[in-house]
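Read off the chains here:
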Amino acid sequence: MSVMALAKALGITLRHFFSRPVTVPYPDAPVAIKPRFHGRHVLTRHPDSGLEKCIGCSLCAAACPAYAIYVEPAENDPENPVSIGERYAKVYEINMLRCIFCGNCEEACPTGAIVLGNEFELADYRYADFVYTKEDLLLDTVGSRPQRREAARTGKPVKLGFEVPYVRPELEGVKYE
Amino acid sequence: MLWQLFVTAVKALVLILALLFTFAYITWIMRRGLARFQVRLGPNRVGPAGLLQPIADAVKAIFKEDLTVARADRVLYWLAPLIAFTFALAAFAVIPVGPDGWVVANLDMGVLYVFAVSELAVYGIFLAGWASGSKYPLMGGLRSIAALVGYELALGMAILPVVLMAGSLNLQDIVAWQQTHGYFILWQFPAFLVYFVASLAEMSRTPFDFAEAEQELVAGFHTEYASMKFVSFYIAELLHWITGSALIATLFLGGWAAPFGLPQIPVLWLFLKWAIFIFLVLWIWASWFRTRYDQMIRFAWGVLLPAATVWFLITAYYVAKGGAL
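Keeping their order, the protein sequence lines are chains A and B. Residue numbering for the first sequence follows our numbering, beginning at 1 and increasing consecutively. Residue numbering for the second sequence follows our numbering, beginning at 178 and increasing consecutively.
Calculated directly from the structure, the hints in this document are not laboratory data. Among the hints, a few may not be true.
To be verified - Under the rule of at most 25 angstroms between Cα atoms (straight-line distance), these lysine to any residue pairs were calculated in the SDA-like manner: (1) A/8 <-> B/453; (2) A/90 <-> A/134; (3) A/53 <-> A/82; (4) A/134 <-> A/151; (5) A/8 <-> B/456; (6) A/34 <-> B/255; (7) A/156 <-> A/26; (8) A/8 <-> B/252; (9) B/312 <-> B/215; (10) A/8 <-> B/221; (11) A/90 <-> A/62; (12) A/8 <-> B/383; (13) A/8 <-> B/480; (14) A/8 <-> B/370; (15) A/8 <-> B/217; (16) A/175 <-> A/101; (17) A/8 <-> B/312; (18) B/237 <-> B/255; (19) A/8 <-> B/467; (20) A/8 <-> B/457; (21) B/312 <-> B/330; (22) A/8 <-> B/255; (23) A/175 <-> A/107; (24) B/312 <-> B/259; (25) A/159 <-> B/246; (26) A/8 <-> B/207; (27) A/8 <-> B/250; (28) B/498 <-> B/362; (29) A/8 <-> B/493; (30) A/134 <-> A/57; (31) A/8 <-> B/452; (32) A/159 <-> B/237; (33) B/498 <-> B/384; (34) A/159 <-> A/174; (35) A/8 <-> B/246; (36) A/34 <-> B/216; (37) A/8 <-> B/366; (38) A/134 <-> A/169; (39) A/8 <-> B/210; (40) A/8 <-> B/472.
If we strip away everything but chain B, and leave its shape as in the complex, we get (with noise of 0.2 angstroms):
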């Protein structure tokens, strides 16, 4: 029992730094991959090709004067920023990268729980805004959950024929039926499509990107926060987009394992899979405009929820005559 406990221990720590690590080469990525789709070289001055920038930005926020609004709710205003940071980097435990042992959590109910913990970051989102005391950041933060009002239905209904045909909500299980039956995107493109435009919204990532829609609201609900209360959330939304594509990578591209009989290599498979929607990701952000909010919450529910309700039926019925399983 104790050394369970301690072997947990061990997973989660050594997850945590791996996904912080991934966080500061995601900034990285995102900055020398953006300036490429802009023409741009990037970063490339600290260290060959730029690469030591994230420990340059980090040094630099570590020595930035943390400012606090007089108008601030206190106690708020530094939980908003802990909140969003631990349930970001909180979801990817259950998120398999090997077989049986290499993963945190291997929960019954994986699914849910991821769903739960990276809504919740929500909170540290709207409470940011709530407890700054200025408008842009409410603002921000309402935009937010009415984001979150607006995709996490058309999320939820995406992901219900996965997991019908699966017969599972544990990832593994998941993982496991993909290897014997063939990818879910394959059999479930169309809820695929949808997952993957909701999880832009989840992500808060381009079309989506209201919440801190620099032009209208200088930075969204963060505007107020300086120095390592910024840098908090900064991790908290770049680990939402790092967790979301290792999500859909599992769920819809095999998880880790090796794709045309290839040797089963803990991680490489679910690293290579989770770059090519990183990738997406960023294509689409350096491509695409930005909705308003309304218009996001009509095509949610005008669009994307019927849609994935009309799969789940005709999902529903292809299961129920007895096929997939």
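Excised from the complex, chain A in its bound form (with noise of 0.2 angstroms):
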């Protein structure tokens, strides 16, 4: 034990002492996430026609360790596409609780439909709530559930609480506000 060693610690907690705390008050305040943060998915459309990138194979169901995706797949109408192939996802749904956030629907995705975008507020208090729908997924819907549920109930708009700092070219068309 030497008493340098003893000063040096002394001195470095002191100079940790007088710099700013790294704490973020999160729910006061957003959090900043990582470019490559994996958060709630993101079922996105093609930018200039607004058609559905998913085309319904299922081979998301198939690659997710978790079971956790269900896709039931319907024939498009000619006249009035839903997505840009033969066919679409009639019913698309994601059990947010058996989802383990791994990105393999997304690597497994042929046409790009299926992304890993940035929320991660998901927390809510029934089994049945965290079966995400279409509906919930698609690049149009800010929020989670109980985030949308809450503005609903306030009238104000979803608060997300975080921030992008450097939006992924996969996430295009995805709203924050």
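Reassemble the complex: the two chains are provided individually, in unrelated frames, and hints are given to aid placement.
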């Protein structure tokens, strides 16, 4: 035990005493998430036509290690298509309690339809409310289910608790307000 | 006579309230301070800057369920927190916060009194460890006794040169001596170092807080205590810190006397000097590791005690030759 080492320890702590705390007062102040953060899924659309990218192939469901995804495809009406392909996802559900946010669905997707987004404030009360449907996942939707429920109750817009310093190109078109 | 009794009782009451208030806010200072050392914010949710946190803590502690362990010794289990709390509170009585009247008991053997009373508080800790009927508290209690055996001699030996030079055990006299001759921290720097290190053990603060080493002993001697009994220990523990810091400030930094010929304001100067040591202990707490108790005893007997003894002999020689006084 050397006295110099003890003095050095005192110096280090004193330097930190006068530095700014790194704590982010989270619900009061937004957190800055990392660019490649794996948050809630987003079902993207083609930016030009507005058509859904998802073609209902179920490869995401096959790739999912937690069996959290359920897809039910249907044929597109050629006059008024929902997606660009022959088929589209009539039902697209992700169970957020089962999902481990690994991103395998995103890797498996041939059209880049399912992308892990930035939202993470998913806490809710009932099991059934964690099964996110297509309406909850499409990119026009801002906020998680409980957040939107709260916004509808209070009449205020959805308030997200994070900042996005860099938008991944895969998430083109995703809204934050 | 009766009037004097009344005045002393009022002074004692004011002191107790002041100490308990200081305790409440020392918890806040401790948590906020340690947080800043660790680049955190600390408690900041209750009231502005978390200033009402002690009240929230108190309410929580009062409404906690008060458990008693089945194998505990009922009487001692009740008595232990009381002993620890009472003696921790009583130790401050002789420390002057201002000139003549500003002390509860102006004892001629003030230094002895502080030592005696604050060491008696160790009984509370040891009995708590014994009476809990559980192994971790017992180990914590034993460690605190082992520490007592270690630091106590060094602490006493470090105070002797100061007493020798001041020629009195009365804390008012020691303060008065420092006003005319200069602070003891300058005259007695080696004694100050030994005293400060030993009193870290006496306050059971960081390098020597093994009696309640969380990582090894859950919480040490007060593992089996909950609710207000736990709070009694907590108060006792922090009061040792408060009283110990005030005592060092009195013995080595001139106590309540104002430095550099500034106006004498009772309480204020002692408070400022006290704050230096409070911060110092907190700083050490945030910076250093915890020693093993055998290491501490070896250090106390092998380094602190010989150093204090040698310094005592030097001082004795100096005083005998007619220096100081």
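To see whether the hints hold, each was checked on the structure:
1. The suggested pairing of residue 8 of chain A with residue 453 of chain B holds, with an alpha-carbon distance near 20 angstroms, which does not exceed 25 angstroms.
2. A C-alpha spacing of about 9 angstroms is found between residue 90 of chain A and residue 134 of chain A, which places the hinted pair at or below 25 angstroms, so the restraint holds.
3. Restraint check for residue 53 of chain A and residue 82 of chain A: the C-alpha separation of about 9 angstroms stays at or below 25 angstroms, so the hint holds.
4. This hinted pair checks out: residue 134 of chain A and residue 151 of chain A have alpha carbons roughly 19 angstroms apart, not beyond 25 angstroms.
5. Between residue 8 of chain A and residue 456 of chain B the CA atoms are separated by roughly 17 angstroms; this keeps the pair inside 25 angstroms, and the hint holds.
6. Distance restraint check for residue 34 of chain A and residue 255 of chain B: the Cα-Cα separation of roughly 54 angstroms exceeds the 25 angstroms cut-off, and the hinted pair is therefore not satisfied.
7. At roughly 20 angstroms between alpha-carbon atoms, residue 156 of chain A and residue 26 of chain A fall within 25 angstroms of each other, so this suggested pair holds.
8. At roughly 48 angstroms between alpha-carbon atoms, residue 8 of chain A and residue 252 of chain B are farther apart than 25 angstroms, so this suggested pair is violated.
9. For the given pair, residue 312 of chain B sits about 32 angstroms from residue 215 of chain B by alpha-carbon distance, which is inconsistent with the 25 angstroms threshold.
10. A distance of roughly 30 angstroms separates the Cα atoms of residue 8 of chain A and residue 221 of chain B; the hinted pair therefore is violated under the 25 angstroms criterion.
11. At roughly 17 angstroms between alpha-carbon atoms, residue 90 of chain A and residue 62 of chain A fall within 25 angstroms of each other, so this suggested pair holds.
12. Proposed proximity of residue 8 of chain A and residue 383 of chain B is supported: the alpha carbons are some 16 angstroms apart, at most 25 angstroms.
13. Under the criterion of a C-alpha separation no larger than 25 angstroms, the hint pairing residue 8 of chain A with residue 480 of chain B is consistent with the structure, at around 22 angstroms.
14. Pair hint residue 8 of chain A plus residue 370 of chain B holds up; C-alpha atoms about 18 angstroms apart against a cutoff of 25 angstroms.
15. Proximity of residue 8 of chain A to residue 217 of chain B is assessed by CA-CA distance (about 21 angstroms); at most 25 angstroms being required, the pair is judged to hold.
16. For the hint pairing residue 175 of chain A with residue 101 of chain A, the CA-to-CA distance comes to about 20 angstroms; that is within 25 angstroms, so the pair holds.
17. Simply put, residue 8 of chain A and residue 312 of chain B have alpha-carbon atoms about 37 angstroms apart, too far for the 25 angstroms limit, and the pair is violated.
18. Among the hinted pairs, residue 237 of chain B with residue 255 of chain B is consistent with the structure: their alpha-carbon atoms are about 21 angstroms apart, no more than 25 angstroms.
19. At most 25 angstroms may separate the alpha-carbon atoms for a hinted pair to count; residue 8 of chain A and residue 467 of chain B meet this at roughly 16 angstroms.
20. For a cut-off of 25 angstroms, the pair hint linking residue 8 of chain A to residue 457 of chain B stands: about 15 angstroms separates their Cα positions.
21. Restraint check: the Cα-Cα separation between residue 312 of chain B and residue 330 of chain B comes to about 28 angstroms, which exceeds 25 angstroms; the hinted pair is violated.
22. As the CA atoms of residue 8 of chain A and residue 255 of chain B are separated by approximately 44 angstroms, the hinted pair breaks the 25 angstroms bound.
23. Among the hinted pairs, residue 175 of chain A with residue 107 of chain A is consistent with the structure: their alpha-carbon atoms are about 22 angstroms apart, no more than 25 angstroms.
24. Note on residue 312 of chain B and residue 259 of chain B: the hinted pairing holds, with a Cα-Cα distance of about 21 angstroms set against a maximum of 25 angstroms.
25. A distance of roughly 49 angstroms separates the Cα atoms of residue 159 of chain A and residue 246 of chain B; the hinted pair therefore is violated under the 25 angstroms criterion.
26. Of the supplied pair hints, the one linking residue 8 of chain A and residue 207 of chain B holds, its CA atoms being roughly 22 angstroms apart against a limit of 25 angstroms.
27. Restraint check: the Cα-Cα separation between residue 8 of chain A and residue 250 of chain B comes to about 46 angstroms, which exceeds 25 angstroms; the hinted pair is violated.
28. With a C-alpha separation of about 21 angstroms, the suggested pair residue 498 of chain B and residue 362 of chain B falls inside the 25 angstroms cut-off, and the hint holds.
29. About 35 angstroms separates the Cα atoms of residue 8 of chain A and residue 493 of chain B, which puts this hinted pair outside 25 angstroms; it is violated.
30. The hinted pair formed by residue 134 of chain A and residue 57 of chain A meets the criterion: a straight-line CA distance of about 15 angstroms does not exceed 25 angstroms.
31. With a CA separation close to 23 angstroms, the supplied pair residue 8 of chain A and residue 452 of chain B stays within the 25 angstroms bound.
32. Pair hint residue 159 of chain A plus residue 237 of chain B does not hold up; C-alpha atoms about 33 angstroms apart against a cutoff of 25 angstroms.
33. Only pairs whose Cα atoms come within 25 angstroms are accepted, and residue 498 of chain B paired with residue 384 of chain B is rejected, the gap being roughly 38 angstroms.
34. Between residue 159 of chain A and residue 174 of chain A, the direct Cα distance comes to roughly 15 angstroms. Compliance with the 25 angstroms bound is thereby established for this hinted pair.
35. For a cut-off of 25 angstroms, the pair hint linking residue 8 of chain A to residue 246 of chain B is broken: about 44 angstroms separates their Cα positions.
36. For the hint linking residue 34 of chain A to residue 216 of chain B, the alpha-carbon distance of about 21 angstroms falls within 25 angstroms, and the restraint holds.
37. Between residue 8 of chain A and residue 366 of chain B the CA atoms are separated by roughly 22 angstroms; this keeps the pair inside 25 angstroms, and the hint holds.
38. The suggested pairing of residue 134 of chain A with residue 169 of chain A holds, with an alpha-carbon distance near 21 angstroms, which does not exceed 25 angstroms.
39. Taking the CA atoms of residue 8 of chain A and residue 210 of chain B, the gap is near 19 angstroms; set against the 25 angstroms cutoff, the hint holds.
40. Distance hint between residue 8 of chain A and residue 472 of chain B is fulfilled; the C-alpha atoms sit about 21 angstroms from each other, no more than 25 angstroms.
The structure is inconsistent with the numbered hints 6, 8, 9, 10, 17, 21, 22, 25, 27, 29, 32, 33 and 35, although it conforms to all the rest.
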